[in-house]
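Sequences and hints are given; from them, build the entire structure.
The lines below spell out each chain.
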Amino acid sequence: KNEVEQSPQNLTAQEGEFITINCSYSVGISALHWLQQHPGGGIVSLFMLSSGKKKHGRLIATINIQEKHSSLHITASHPRDSAVYICAVEGAGSYQLTFGKGTKLSVIP
Amino acid sequence: SAVISQKPSRDICQRGTSLTIQCQVDSQVTMMFWYRQQPGQSLTLIATANQGSEATYESGFVIDKFPISRPNLTFSTLTVSNMSPEDSSIYLCSVSQGRETQYFGPGTRLLVL
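Chains as they are written, first to last, in the working numbering: chain A, 42 to 150; chain B, 608 to 720.
No lab work stands behind these hints, which were simulated from the structure alone. Just so it is clear, CB atoms sit at the ideal spot from N, CA and C, and this is done for glycine as well. Just to be clear, a hint being listed does not mean it is correct.
What the hints assert, rightly or not - Examples of chain A residues lying across from chain B (beta carbon under 7 Å, computed): (1) Gly-83; (2) Ile-84; (3) Ser-86; (4) Gly-93; (5) Ala-133; (6) Gln-137; (7) Phe-140; (8) Lys-142; (9) Val-148.
Laid out in structure tokens, this is it:
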């Protein structure tokens, strides 16, 4: 069973700061997802990665398959980025996800 | 992409009762999943809802407690039976189409008194 660890658990940043959230996993995967969970519980899929780097607006996600590690970066953070960010991994040959516990981000104006 | 709706969005229920959560997708999808997120915990897969056959449950989850229906490729229900306060969670439906990313519903927030 894959163990997914995220750090930090909680993060408070000033508006405009560059933010990094880390995710490591223990067993090889076919893909890694970064998800954003809003206070009401709804989840939005931000990225799905199997290698390299992806960018969408102010969000950048990278993955290092050899090191079993991924990072989510937010540039020029804004209060509306405040949410829980969850890393999830997809095992080889399966669509089922194993989730990290999430990183709660608060961006202060 | 897929747009998913869930009903109800939230509910408060009495111990011993049952609640059925509906998940509707705006397109036909192969895989539908039900997750639970207990307070302060990560999401846990309850089961995979298979169209035309019984759901596949993960360890720790049983059909008697969480019966699931999947009558067609756009709809599924999850019932939380004989509820106790420990069932208070957010329940999420998600779908996957082939190798595309997974899409999640808005969640159903359940409080059991």
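Next on the checklist: Run through the hints listed earlier and report the numbers of any the structure violates, in increasing order.
Outcome noted: 4, 5, 9
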